[in-house]
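Peer 1: Sequence:
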Amino acid sequence: MADQCPKPTRIGLAGLAVMGQNLALNIAEKGFPISVYNRTTSKVDETVERAKVEGNLPVFGFHDPESFVQSIQKPRVVIMLVKAGAPVDQTIKTLSAYLEKGDCIIDGGNEWYENTERREKAMAELGLLYLGMGVSGGEEGARNGPSIMPGGSFEAYKNIEDILLKVAAQVPDSGPCVTYIGKGGSGNFVKMIHNGIEYGDMQLIAEAYDVLKSVGKLSNEELKKVFSEWNGGELQSFLIEITADIFGIKDDKGDGYLVDKVLDKTGMKGTGKWTVQQAAELSVAAPTIEASLDSRFLSGLKDERTEAAKVFKSGGFGDILTDQVVDKEKLIDDVRKALYASKICSYAQGMNLIRAKSIEKGWDLKLGELARIWKGGCIIRAIFLDRIKKAYDRKAELANLLVDPEFAKEIIDRQSAWRRVVCLAINSGISTPGMSASLAYFDTYRRERLPANLVQAQRDYFGAHTYERVDVPGAFHTEWFKIAKKIVNIYIYSTDHQALQTTAGIARWVGLSSPAMITTIFGELSVMVAAAEGCAAFSPPLLAGRFR
Numbered sequence: 002m003a004d005q006c007p008k009p010t011r012i013g014l015a016g017l018a019v020m021g022q023n024l025a026l027n028i029a030e031k032g033f034p035i036s037v038y039n040r041t042t043s044k045v046d047e048t049v050e051r052a053k054v055e056g057n058l059p060v061f062g063f064h065d066p067e068s069f070v071q072s073i074q075k076p077r078v079v080i081m082l083v084k085a086g087a088p089v090d091q092t093i094k095t096l097s098a099y100l101e102k103g104d105c106i107i108d109g110g111n112e113w114y115e116n117t118e119r120r121e122k123a124m125a126e127l128g129l130l131y132l133g134m135g136v137s138g139g140e141e142g143a144r145n146g147p148s149i150m151p152g153g154s155f156e157a158y159k160n161i162e163d164i165l166l167k168v169a170a171q172v173p174d175s176g177p178c179v180t181y182i183g184k185g186g187s188g189n190f191v192k193m194i195h196n197g198i199e200y201g202d203m204q205l206i207a208e209a210y211d212v213l214k215s216v217g218k219l220s221n222e223e224l225k226k227v228f229s230e231w232n233g234g235e236l237q238s239f240l241i242e243i244t245a246d247i248f249g250i251k252d253d254k255g256d257g258y259l260v261d262k263v264l265d266k267t268g269m270k271g272t273g274k275w276t277v278q279q280a281a282e283l284s285v286a287a288p289t290i291e292a293s294l295d296s297r298f299l300s301g302l303k304d305e306r307t308e309a310a311k312v313f314k315s316g317g318f319g320d321i322l323t324d325q326v327v328d329k330e331k332l333i334d335d336v337r338k339a340l341y342a343s344k345i346c347s348y349a350q351g352m353n354l355i356r357a358k359s360i361e362k363g364w365d366l367k368l369g370e371l372a373r374i375w376k377g378g379c380i381i382r383a384i385f386l387d388r389i390k391k392a393y394d395r396k397a398e399l400a401n402l403l404v405d406p407e408f409a410k411e412i413i414d415r416q417s418a419w420r421r422v423v424c425l426a427i428n429s430g431i432s433t434p435g436m437s438a439s440l441a442y443f444d445t446y447r448r449e450r451l452p453a454n455l456v457q458a459q460r461d462y463f464g465a466h467t468y469e470r471v472d473v474p475g476a477f478h479t480e481w482f483k484i485a486k487k488i489v490n491i492y493i494y495s496t497d498h499q500a501l502q503t504t505a506g507i508a509r510w511v512g513l514s515s516p517a518m519i520t521t522i523f524g525e526l527s528v529m530v531a532a533a534e535g536c537a538a539f540s541p542p543l544l545a546g547r548f549r
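The numbering of the sequence shown is the working numbering, which starts it at 2 and goes up by one.
Just so you know, the hints here were simulated from the structure itself, not pulled from any lab data.
Quick caveat: nothing in here was measured; it's all calculated off a predicted structure.
One thing to keep in mind: the hints can contain errors.
Simulated restraints on C-beta separations [to be verified]:
{"id": "1", "residue 1": "P406", "residue 2": "I427", "range": "26 to 34 angstroms"}
{"id": "2", "residue 1": "G257", "residue 2": "F313", "range": "24 to 32 angstroms"}
{"id": "3", "residue 1": "T42", "residue 2": "S284", "range": "48 to 56 angstroms"}
{"id": "4", "residue 1": "K329", "residue 2": "E370", "range": "35 to 43 angstroms"}
{"id": "5", "residue 1": "R421", "residue 2": "D90", "range": "49 to 57 angstroms"}
{"id": "6", "residue 1": "F318", "residue 2": "A357", "range": "38 to 46 angstroms"}
{"id": "7", "residue 1": "A281", "residue 2": "D163", "range": "39 to 47 angstroms"}
{"id": "8", "residue 1": "I484", "residue 2": "V404", "range": "15 to 23 angstroms"}
{"id": "9", "residue 1": "V263", "residue 2": "T42", "range": "30 to 38 angstroms"}
30 angstroms max Cα-Cα, derived DSSO-like pairs, lysine-lysine [said to hold, decoys possible]:
{"id": "10", "residue 1": "K329", "residue 2": "K314"}
{"id": "11", "residue 1": "K8", "residue 2": "K94"}
{"id": "12", "residue 1": "K44", "residue 2": "K214"}
{"id": "13", "residue 1": "K270", "residue 2": "K167"}
{"id": "14", "residue 1": "K84", "residue 2": "K367"}
{"id": "15", "residue 1": "K362", "residue 2": "K391"}
{"id": "16", "residue 1": "K266", "residue 2": "K225"}
{"id": "17", "residue 1": "K94", "residue 2": "K122"}
{"id": "18", "residue 1": "K391", "residue 2": "K367"}
{"id": "19", "residue 1": "K75", "residue 2": "K122"}
{"id": "20", "residue 1": "K303", "residue 2": "K266"}
{"id": "21", "residue 1": "K214", "residue 2": "K274"}
{"id": "22", "residue 1": "K75", "residue 2": "K167"}
{"id": "23", "residue 1": "K331", "residue 2": "K226"}
{"id": "24", "residue 1": "K251", "residue 2": "K225"}
{"id": "25", "residue 1": "K251", "residue 2": "K214"}
{"id": "26", "residue 1": "K266", "residue 2": "K329"}
{"id": "27", "residue 1": "K367", "residue 2": "K167"}
{"id": "28", "residue 1": "K214", "residue 2": "K184"}
{"id": "29", "residue 1": "K254", "residue 2": "K225"}
{"id": "30", "residue 1": "K331", "residue 2": "K159"}
{"id": "31", "residue 1": "K94", "residue 2": "K44"}
{"id": "32", "residue 1": "K44", "residue 2": "K8"}
{"id": "33", "residue 1": "K84", "residue 2": "K122"}
{"id": "34", "residue 1": "K329", "residue 2": "K159"}
{"id": "35", "residue 1": "K75", "residue 2": "K102"}
{"id": "36", "residue 1": "K303", "residue 2": "K214"}
{"id": "37", "residue 1": "K184", "residue 2": "K391"}
{"id": "38", "residue 1": "K167", "residue 2": "K84"}
{"id": "39", "residue 1": "K303", "residue 2": "K262"}
{"id": "40", "residue 1": "K225", "residue 2": "K303"}
Yeah, the Cβ is synthetic: ideal placement off N, Cα and C, and Gly gets one too.
Given the sequences, and given the hints that come with them, work out the whole structure.
Peer 2: Following this line, the structure appears as structure tokens:
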């Protein structure tokens, strides 16, 4: 034992990396005595020392799991903040040996939601309660107020609700950024999608930076000014705020700015990949998020990209294809509008993923409430989340954020600028996969008729997958290959010339069941035949010339 507590503490926390330490100090600062434990005992001592330095906070450290568990008041509540996967199972095994029926374990890490559901069932067999709790906000959020997404046992949630309501980020006129998400692994799933949206958001900001820097030739000082100004308007958010900060940091190891010395290779921990996998499983389009993940994959190919650049430069392809003269102020305004419109698409995709999983699992998740708890504390906190909440408040079953009247108007107002930015980037040889994917998502979603009819016809041609029609209900299959070959092989000097001069004759020739099928499948041919009927000048070579 590192530090004797005078009476049982209100809660325990196991796992004292930076996130764990900061959350423990946050809980203690809110007036809840807390016991802490870590396999590496030096982390325990370090946390206790921090608690003393930061205000003699009621944090009590323990070097062994048994005394740690025994120090907590009943029914015991223990939060784990350890690496996802096997370390979680090992920590549960260690702690559950000393827990009693009615006690509760909470996993506060980024865990795969099905693992949470498996563990909840296993703990129930032991008489223990279990929560999977997403925590967003990074180190700063954990210490001063994160967004918290608990899912699983509602009874377990009620055991810790008083603590979470005080520990979570507090937003004026909105309240604590925490709510009971729902049953099973819903809390971890919602946190996972939050991170997927975060991937998209960060990629879109990086693309805005690339266009402004590479085409607009903005300096870091100018970029800092632009992003600071953006953070005072519709783009106000944590990520825009920290981006402005980054552009102002000088390199302490040399000349210039630190951002220019950072290797262009983005890391990841897996939640973005999980999000894209779920999009595929649920058949929900999430192209902005998918583009952000692909961009991270490509960024990881640094050595290959370096060699590729040499190859293409030798062929006359520089980093930027053309130096275009642009109006800086106009470009800055266009990029702002393009970024905002793209962000709407990214959030729309994330919300649709959550709704689809909620329907599949019967979680009954409230999308407006999720937007509310993301308004503070978390990485994707942004001023327009309030407007997302209002959109779902107006219509809980909203099919897509894009068709909310307010968001629809904003996209319409910005779509011209959006297109200009994407076209400018393409012509300059700058990749904007997130913005381009977002624009394609918008253009696809807003169109009543897509070329998918041709794809389905192709599927029916080679695989007899059938198709639906726009004019007649039911499923249909056409022997496209046989019909196509017969049309190609119409012989212009058939001895049955007169039979070819009527629609019925053509139907008999190609083996269709009725003349109506000619109009349906070969409309142009039917028109030609109809025009020729009764005309002395009609000649079958017309048909052969067109369809040979």
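Peer 1: Run every hint past the structure and note whether it holds.
Peer 2: To see whether the hints hold, each was checked on the structure:
{"no.": "1", "hint": "P406 x I427: 26 to 34 angstroms", "in the structure": "holds (31 angstroms)"}
{"no.": "2", "hint": "G257 x F313: 24 to 32 angstroms", "in the structure": "holds (27 angstroms)"}
{"no.": "3", "hint": "T42 x S284: 48 to 56 angstroms", "in the structure": "holds (49 angstroms)"}
{"no.": "4", "hint": "K329 x E370: 35 to 43 angstroms", "in the structure": "holds (42 angstroms)"}
{"no.": "5", "hint": "R421 x D90: 49 to 57 angstroms", "in the structure": "holds (52 angstroms)"}
{"no.": "6", "hint": "F318 x A357: 38 to 46 angstroms", "in the structure": "holds (42 angstroms)"}
{"no.": "7", "hint": "A281 x D163: 39 to 47 angstroms", "in the structure": "holds (40 angstroms)"}
{"no.": "8", "hint": "I484 x V404: 15 to 23 angstroms", "in the structure": "violated (40 angstroms)"}
{"no.": "9", "hint": "V263 x T42: 30 to 38 angstroms", "in the structure": "holds (35 angstroms)"}
{"no.": "10", "hint": "K329 x K314", "in the structure": "holds (27 angstroms)"}
{"no.": "11", "hint": "K8 x K94", "in the structure": "holds (26 angstroms)"}
{"no.": "12", "hint": "K44 x K214", "in the structure": "violated (43 angstroms)"}
{"no.": "13", "hint": "K270 x K167", "in the structure": "holds (29 angstroms)"}
{"no.": "14", "hint": "K84 x K367", "in the structure": "holds (29 angstroms)"}
{"no.": "15", "hint": "K362 x K391", "in the structure": "holds (25 angstroms)"}
{"no.": "16", "hint": "K266 x K225", "in the structure": "holds (22 angstroms)"}
{"no.": "17", "hint": "K94 x K122", "in the structure": "holds (14 angstroms)"}
{"no.": "18", "hint": "K391 x K367", "in the structure": "holds (12 angstroms)"}
{"no.": "19", "hint": "K75 x K122", "in the structure": "holds (22 angstroms)"}
{"no.": "20", "hint": "K303 x K266", "in the structure": "holds (7 angstroms)"}
{"no.": "21", "hint": "K214 x K274", "in the structure": "holds (29 angstroms)"}
{"no.": "22", "hint": "K75 x K167", "in the structure": "holds (21 angstroms)"}
{"no.": "23", "hint": "K331 x K226", "in the structure": "holds (15 angstroms)"}
{"no.": "24", "hint": "K251 x K225", "in the structure": "holds (12 angstroms)"}
{"no.": "25", "hint": "K251 x K214", "in the structure": "holds (17 angstroms)"}
{"no.": "26", "hint": "K266 x K329", "in the structure": "holds (28 angstroms)"}
{"no.": "27", "hint": "K367 x K167", "in the structure": "holds (22 angstroms)"}
{"no.": "28", "hint": "K214 x K184", "in the structure": "violated (46 angstroms)"}
{"no.": "29", "hint": "K254 x K225", "in the structure": "holds (21 angstroms)"}
{"no.": "30", "hint": "K331 x K159", "in the structure": "violated (53 angstroms)"}
{"no.": "31", "hint": "K94 x K44", "in the structure": "holds (21 angstroms)"}
{"no.": "32", "hint": "K44 x K8", "in the structure": "holds (23 angstroms)"}
{"no.": "33", "hint": "K84 x K122", "in the structure": "holds (21 angstroms)"}
{"no.": "34", "hint": "K329 x K159", "in the structure": "violated (54 angstroms)"}
{"no.": "35", "hint": "K75 x K102", "in the structure": "holds (10 angstroms)"}
{"no.": "36", "hint": "K303 x K214", "in the structure": "holds (20 angstroms)"}
{"no.": "37", "hint": "K184 x K391", "in the structure": "holds (24 angstroms)"}
{"no.": "38", "hint": "K167 x K84", "in the structure": "holds (25 angstroms)"}
{"no.": "39", "hint": "K303 x K262", "in the structure": "holds (15 angstroms)"}
{"no.": "40", "hint": "K225 x K303", "in the structure": "holds (27 angstroms)"}
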